[in-house]
Amino acid sequence: MADAPTLLLERLVKQRVTLLLKDARQLTGTLVALDEHMNLVLDDADETTAEMTRHLGKVVLRGSNVVTLHAPQAAAKSA
Amino acid sequence: MADAPTLLLERLVKQRVTLLLKDARQLTGTLVALDEHMNLVLDDADETTAEMTRHLGKVVLRGSNVVTLHAPQAAAKSA
Amino acid sequence: MADAPTLLLERLVKQRVTLLLKDARQLTGTLVALDEHMNLVLDDADETTAEMTRHLGKVVLRGSNVVTLHAPQAAAKSA
Amino acid sequence: MADAPTLLLERLVKQRVTLLLKDARQLTGTLVALDEHMNLVLDDADETTAEMTRHLGKVVLRGSNVVTLHAPQAAAKSA
Amino acid sequence: MADAPTLLLERLVKQRVTLLLKDARQLTGTLVALDEHMNLVLDDADETTAEMTRHLGKVVLRGSNVVTLHAPQAAAKSA
Amino acid sequence: MADAPTLLLERLVKQRVTLLLKDARQLTGTLVALDEHMNLVLDDADETTAEMTRHLGKVVLRGSNVVTLHAPQAAAKSA
Amino acid sequence: MADAPTLLLERLVKQRVTLLLKDARQLTGTLVALDEHMNLVLDDADETTAEMTRHLGKVVLRGSNVVTLHAPQAAAKSA
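Chains as they are written, first to last, in the working numbering: chain A, 48 to 126; chain B, 48 to 126; chain C, 48 to 126; chain D, 48 to 126; chain E, 48 to 126; chain F, 48 to 126; chain G, 48 to 126.
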């Protein structure tokens, strides 16, 4: 069987990732923590909406708000 | 009894699949991981909305956002 | 006590069923798999919306999106 | 203590019941199965919306879509 | 510690209660059954919306649709 | 470790609290009961919406509808 | 493995944090309690919406309403 999604997520720790949330906001930051609910902690995070970008710093995110997470650099390696 | 949906999903690993999400976005990529919540990981993924298509690379998807997953090639084989 | 809904669902395996989803889409296909969350797999499935019908082939459906499932032929037998 | 709702529901098996769903559709049919999640199976069911009524036959309903179920005949007996 | 909400609910059995639902409908009836999910059964129930009132008789209500339940008579006693 | 939120809630029993609900209604009353799902019972409660205030008496509230609870007097003491 | 999000949250106790809620309200206060559902208690909290800011005092927040929590000072330290 293939690796589970949360195992793959753990390999992304310390990398820059981009999250799309259910309310259409986008967060980009360094992944520093996660759990099995996909609760996530980002360091040095920026929030982008249709109107603006702002720096948030350390952000704790409740997993139920996450739609997708992608990691451009990881993709380059696996492609 | 018939096979369970997650067993059938595992057979789709390494195949191209198309996901429809609750927010109406569509993702197409190679299925590389999944778990019992239908959390999924796609490699080499493209996102398509009504307005545009963009390349995302590796994508982790929270299962609660998935509506349907279909695999055109698997369908051809089983039909 | 009457049979449980999931037992009745299993008897519909290999029959054509029609699903109504929360986003108002309708799917018709041959039921090939299901589990206790009402995750379902359809073969040879067609999707119908207010605007169009398209062929999807094999479809995996997350149970939380299902509103109703009906089976015209099963109804004829039980009526 | 009073009887639990699911026990009262079981006594409605084989009776005609009317369901109101979260999407405002109404279903009327003979209750043939239920479980503890309020997943329900109706036989000989009709669906009514603001625009139309149509016959669906046997219907499996995911409990999370149910708002209320009422049984006019049972009410007459208990009133 | 104070009594739990479900214990207080059980004391309301056989009293007239008014429920406000998430879809803004209001139901008034005699509470006859309840469980720990706040699934409820009302006898001799009336439904009131912005447009109309109608008699439903016995009603089974899925707890997840309940916002509040109040009991005017119980309030008078405890005030 | 700090005290858990439910422990802090129990200390608010017998105090006047104000609840903001997901449907934007506001309830003010004396907290008389609560459980681990944040199901709550208020005595002598008033409901306030954008249009009006009305007296409800004893109210049982399903926790899933609560956004925030605040207690002006408790705040004054802890500040 | 990295620390879990709830462990990182506990280190923020006694610090000023800013919460964004699903209904777009923003709360700023001193974090005094939390649990594994991300239920939170803030002291000396202010609520900010598009229209106004008001002082709420002590606030108990149901975790399911939280989108993100950020702590400007913690971010400065970890950056």
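Read the hints as simulated data drawn from the structure, not as lab findings. What you are looking at is a predicted structure, and each value in this text was computed from that prediction instead of being measured. Be a bit skeptical, because a hint or two may be false.
Here are the simulated PhoX-like cross-link-like pairs (lysine-lysine), alpha carbons at most 20 Å apart as the crow flies [unchecked claim]: (1) B:Lys69 / D:Lys69; (2) G:Lys69 / E:Lys69; (3) D:Lys69 / F:Lys61; (4) F:Lys69 / E:Lys69; (5) C:Lys69 / D:Lys61; (6) F:Lys69 / G:Lys69; (7) C:Lys69 / A:Lys69; (8) B:Lys69 / C:Lys61; (9) B:Lys69 / G:Lys69; (10) E:Lys69 / D:Lys69; (11) C:Lys69 / E:Lys61; (12) A:Lys69 / F:Lys69; (13) B:Lys69 / A:Lys69; (14) A:Lys69 / G:Lys61.
Right, here's what the structure says about each hint:
1. At most 20 Å may separate the alpha-carbon atoms for a hinted pair to count; B:Lys69 and D:Lys69 meet this at roughly 17 Å.
2. Note on G:Lys69 and E:Lys69: the hinted pairing holds, with a Cα-Cα distance of about 17 Å set against a maximum of 20 Å.
3. A hinted pair counts as satisfied when its Cα atoms are at most 20 Å apart, and D:Lys69 with F:Lys61 does not qualify at roughly 36 Å.
4. A distance of roughly 9 Å separates the Cα atoms of F:Lys69 and E:Lys69; the hinted pair therefore holds under the 20 Å criterion.
5. Taking the CA atoms of C:Lys69 and D:Lys61, the gap is about 28 Å. The hint is violated against a cut of 20 Å.
6. A distance of roughly 9 Å separates the Cα atoms of F:Lys69 and G:Lys69; the hinted pair therefore holds under the 20 Å criterion.
7. Taking the CA atoms of C:Lys69 and A:Lys69, the gap is about 17 Å. The hint holds against a cut of 20 Å.
8. With a C-alpha separation of about 28 Å, the suggested pairing of B:Lys69 with C:Lys61 is violated against the 20 Å cut-off.
9. Distance restraint check for B:Lys69 and G:Lys69: the Cα-Cα separation of roughly 17 Å lies within the 20 Å cut-off, and the hinted pair is therefore satisfied.
10. Among the hinted pairs, E:Lys69 with D:Lys69 is consistent with the structure: their alpha-carbon atoms are about 9 Å apart, no more than 20 Å.
11. About 36 Å separates the Cα atoms of C:Lys69 and E:Lys61, which puts this hinted pair outside 20 Å; it is violated.
12. Between A:Lys69 and F:Lys69 the alpha-carbon distance is near 17 Å, which keeps this suggested pair within the 20 Å criterion.
13. Taken as a hint, the B:Lys69 and A:Lys69 pair is honoured in the structure, with Cα atoms around 9 Å apart against an allowance of 20 Å.
14. Distance restraint check for A:Lys69 and G:Lys61: the Cα-Cα separation of roughly 29 Å exceeds the 20 Å cut-off, and the hinted pair is therefore not satisfied.
The structure fails to meet hints 3, 5, 8, 11, 14 from the earlier list, while all remaining hints are met.
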